[in-house]
Amino acid sequence: MGFINVLVKQVLGDPAVLIGLVALAGLIIQKEKLTKIISGTLKTTIGFLIIGIGAGAVVGALSPMGELLQATLDVNGVVPNNEAVISIAMEQVGSQGALIMVGGFVVNLFLARFTNFKYIYLTGHIMLYLSMFFAAVLFSVAGLSGTMLIVVGSICAGLYFTFMPALTQPFMRKIKGHDNIAFGHTGAIGNVISGWLGNIFGEDTKDAEEIDLPEGLSFFRDSTVSMAVTMAPIYLILVLLAGPNFVESNISGGTNFLVFSLMHGFRFAAGVTVILSGVRMMLAEIVPAFEGISEKVVPGARPALDCPIIFNDAPTALLMGFLSSTVGTIVGMFILLLADAPTIILPAIVPAFFAGGSAGIFGNATGGWKGAVFGPFIGGIILSLGTAILLPMSGMLEQAGTTFGDPFYAVIGPIFTGFLHLIGG
Amino acid sequence: MLKIYAVCGHGLGSSMMLKINIRKVLKEKSIEGEVDTVSLGESSGLDADIFVTFPDIVDELANRHDREKIVVIDDFSDLEEVREKILGAVDKLNLN
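Protein chains in written order, with my numbering: chain A, 1 to 425; chain B, 426 to 521.
The set of hints was computed from the structure by calculation and includes no laboratory data.
In silico EDC-like links for lysine to aspartate or glutamate, alpha-carbon gap of 16 Å or less:
1. B/LYS452 - A/GLU32
2. A/LYS43 - B/ASP461
3. A/LYS36 - B/GLU457
4. A/LYS176 - B/ASP503
5. B/LYS449 - A/GLU295
6. A/LYS36 - B/GLU459
7. A/LYS176 - B/ASP500
Kindly generate the complete structure, drawing on both the sequences and the hints.
Structure, rendered in structure tokens:
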């Protein structure tokens, strides 16, 4: 009895082991060699544990930022970073989220097999983040738990995995010139909005690719570097607003304000880099298994893939979208400040590049260079405002010090959690 | 054994699809090899026989690794392109 109790409660109840078992099943179905089955299973489990270690580092880097914003502006300021916020969610709803990811994939397979929506979502980390979002809000806002939580979460995730790519597909056909590939990212709703807005300018507008832009932003592609060089100045600005003396005597424990700002910016980048490597290790064998299974169950379905699938099609529009989305998030932040909002969303580089950049490509497809600039700009404002509305409704994640950063969470997030608040209490 | 890294900005999304397709190609030809994903930044400390990446980050990658070892894929979902370029790179390795 004692043994079974330990097995069920402590071994299977541990999300890291649970996700390892998912990988184990995937590797066996794929008929991999024994050594690969063992190493793949272990690395999946250890990847999950690495994410938890990164979570601690990120929280440590972010907590003084909360204090600084309270002290200077009396606001709750948060950095939108998907990796950071899901690492915190996973500490509480890791098992439920992992099961929702698998369940969402199964629902996606089922819908793709039996309806005309032949889309299979294969952007693994986005599947993971969305599943953690659903697990966190369904648990802490709607009060669901156990089987009910997993079933409802899987249906929500599966619907998104199947129908969101369908909504972006008319634009994808235009961008790619064929119909074989779909777009699978939480930026998709922002892309669609950008594509619609592009119609204001019309297709006669000069294409972004006919315009030369100076290169040299490619070092932003190194995510560790880009996070460090954006977070350190944000920290520095907050420290200067609070006053270096105040910071050195109340927050940094005597450490020089400049050193304190830089090191906390770097610490954030370090923490997120750890989480990213954990996510990579955790998904290394699960996504190939999903791909292998979907090929057998729904042959010929369009795979919905990550943002870079369109980066080559319009590199200038990508850059325009990235820059104007960044400006949009900064404008959004000032709107929140001027409106005296209780929550301020700070600008973030990762969503600006992936979501803003791909929104630029969608905008360019319908409205040339003007579309590539306008849609992502509006999208950036929406990103700041929508996320500020989502945060107080996000239940257990409200006090995380960080939040989700992508158009899905800023547009669909508040509607979804608002609905849960209505029915849940 | 042959070691290949698929590299993208975060080492999460597009490199994952690329990895899946490279593995398919190696399996077709029964070539023993290990294929993993990595981010651009973390690739700095690693070595491999082949690094596979995309046009938009190839210059950054070439700052970190021998250009000769880098294979550039335009469309990571195009199995045909992956097959041609990866097998070409593997043949070149075998000749040396």
